[in-house]
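Enquirer: Protein chains in written order, with my numbering: chain R, 1 to 240; chain V, 1 to 242.
Source of the hints: derived by calculation from the structure; they are not laboratory data.
We put the beta carbon where it would ideally sit given N, CA and C, even for glycine.
Do not rely on the hints blindly, as some may be mistaken.
As the list claims (entries may be wrong) - Reference excerpt, derived from the structure (chain V facing chain R, CB under 7 Å, subset only):
| id | residue |
| --- | --- |
| 1 | Asn48 |
| 2 | Pro73 |
| 3 | Ser77 |
| 4 | Glu87 |
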Amino acid sequence: MNYNWDWGVLIREPYFEWLVSGFLWTISVSVAAWILAFSLGSVVGIARTTNSKLLRGIGTCYVETFRNIPLLVQMFLWYFVFPELLPEDAGMWVKRELPMPEFTTAVVCLGLYTASRVAEQVRAGIEAIGQGQRNAGLAMGLTPAQVYRYVLLPVSYRIIVPPLTSEFLTIFKNSSLALTIGVLETTAQARQIEEYTFQGFEAFTAATLLYIIVTSTVMLLMKLIEGRLRIPGMISLGAK
Amino acid sequence: MIELKNVSKWYDEFQVLNDCSTQVAKGEVVVVCGPSGSGKSTLIKCVNGLEAFQKGEIYVDGTSVGDAGTNLPQLRSHIGMVFQNFELFPHISVTENIKLAQLKVLGRSDDESQQNAARLLERVGLSDQADKHPAQLSGGQQQRVAIARALAMDPVAMLFDEPTSALDPEMINEVLDVMVELATDGMTMMVVTHEMGFARRVADRVIFMDEGRIEEDCSKEEFFNSERGERAQIFLSKILEH
Chain R
1 MNYNWDWGVL
11 IREPYFEWLV
21 SGFLWTISVS
31 VAAWILAFSL
41 GSVVGIARTT
51 NSKLLRGIGT
61 CYVETFRNIP
71 LLVQMFLWYF
81 VFPELLPEDA
91 GMWVKRELPM
101 PEFTTAVVCL
111 GLYTASRVAE
121 QVRAGIEAIG
131 QGQRNAGLAM
141 GLTPAQVYRY
151 VLLPVSYRII
161 VPPLTSEFLT
171 IFKNSSLALT
181 IGVLETTAQA
191 RQIEEYTFQG
201 FEAFTAATLL
211 YIIVTSTVML
221 LMKLIEGRLR
231 IPGMISLGAK
Chain V
1 MIELKNVSKW
11 YDEFQVLNDC
21 STQVAKGEVV
31 VVCGPSGSGK
41 STLIKCVNGL
51 EAFQKGEIYV
61 DGTSVGDAGT
71 NLPQLRSHIG
81 MVFQNFELFP
91 HISVTENIKL
101 AQLKVLGRSD
111 DESQQNAARL
121 LERVGLSDQA
131 DKHPAQLSGG
141 QQQRVAIARA
151 LAMDPVAMLF
161 DEPTSALDPE
171 MINEVLDVMV
181 ELATDGMTMM
191 VVTHEMGFAR
201 RVADRVIFMD
211 EGRIEEDCSK
221 EEFFNSERGE
231 RAQIFLSKIL
241 EH
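Generate the whole structure from the sequences, applying the supplied hints.
Expert: Laid out in structure tokens, this is it:
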């Protein structure tokens with residue numbers, strides 16, 4: 001292979017700044033989308049475990065819609081199609097005045113998609129606990145909302161720390177799809193460096209390393225958190 | 001105290017309770033027995049509204065359980081319930097289990113709840129386990145904590161749903177002892193159990209259920225000493241043999 005290796009390109013102006021800036025966008029998109037996904041996913045997941053047929057129905061519709069459309073298609077739908085479907089004024093506003101339109105769209109798209117996956121984890125966590133705990137809470141006079149707050153959720157979130165970690169790693173990697181609507185995140189910047197310098201190997205190696213550093217850090221952190229939250233005397237929470 | 005009038009319940013087409021009527025007076029101990037699937041657990045769960053029923057009426061302390069306007073959490077807060085699988089909350093300590101509903105339902109202060117928890121743990125003989133988590137206790141100890149947790153609400157009546165069925169044999173007595181003590185203290189109790197020894201010792205009445213129907217409802221003397229219906233005889237001969 002005839003290739004001129006030049007690792008120095010990674011620390012040269014302006015490419016180093018590009019990588020840094022791309023990395024920061026990756027983090028921003030991922031974290032913002034995760035906050036949305038976690039909050040909305042929790043609400044939808046809880047809704048699917050309530051006694052209300054209406055709430056369960058809405059939750060099921062949400063999950064089935066968002067998790068069954070490819071993420072890339074959703075990205076394009078939000079960016080190109082959604083503004084056209086709005087009433088004219090609102091559509092105009094989205095197209096012209098939405099602050100940081102690419103970033104915002106990417107966050108909304110990634111957040112709503114991942115929420116459907118988080119919802120399934122939350123639902124599974126609550127269902128793993130079983131009717132007995134719910135009954136015990138109700139029998140002592142707690143309201144259904146209090147049963148969730150004090151009995152079901154504290155245990156179910158502990159059960160789902162591992163799959164939620166996995167979801168966060170996925171949202172972080174999926175954030176690279178934001179480049180398709182123009183967010184200059186890590187992958188986009190690596191590609192741009194390749195286009196300017198023809199040093200594609202170096203650029204994408206750098207990008208890969210950045211992703212791996214973050215995912216490994218998150219994994220370590222979550223292991224620590226999982227250990228902290230461990231319930232004394234319990235080997236496996238889900239096994240009960 | 002507890003009054004059931006012609007209660008019937010269906011799961012879709014399948015009838016699990018068929019026209020059940022009985023009552024538990026204040027201070028009375030009533031044992032409910034019968035073969036598995038006879039509806040006894042369902043019946044006791046109807047009393048505090050954990051299971052809905054489609055026909056009939058249930059009154060606890062004058063309040064109608066089936067009435068849509070009834071504040072169920074409030075009603076349940078003064079009926080204690082103990083479950084087959086203990087159902088302590090695994091993520092909080094034994095003391096916190098006993099404090100939770102006192103704080104969140106009765107609005108008691110932290111100090112008062114703490115004192116109650118300590119007093120009740122002493123009563124069930126588990127003061128030394130106060131700071132442990134439920135999974136660190138044996139089954140018998142967990143069930144005694146569950147009883148203490150129910151008592152912390154100062155209930156007017158206690159419901160027991162097969163409280164010893166999930167226990168290893170050597171732990172059954174420590175739980176029954178606590179229940180006997182409660183019964184002698186005058187607690188109103190409705191107990192689903194197969195422990196006929198317990199029934200003989202403290203029950204005032206015995207209810208025998210089969211196929212969703214109350215087949216026998218009589219004093220324990222009548223139940224154990226006189227000729228009962230055929231189904232009750234068969235049931236008794238099966239569980240008393242051992």
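Enquirer: List, from low to high, the hint numbers that the structure doesn't satisfy.
Expert: When the structure is compared with the hints, none of them turns out to be violated.
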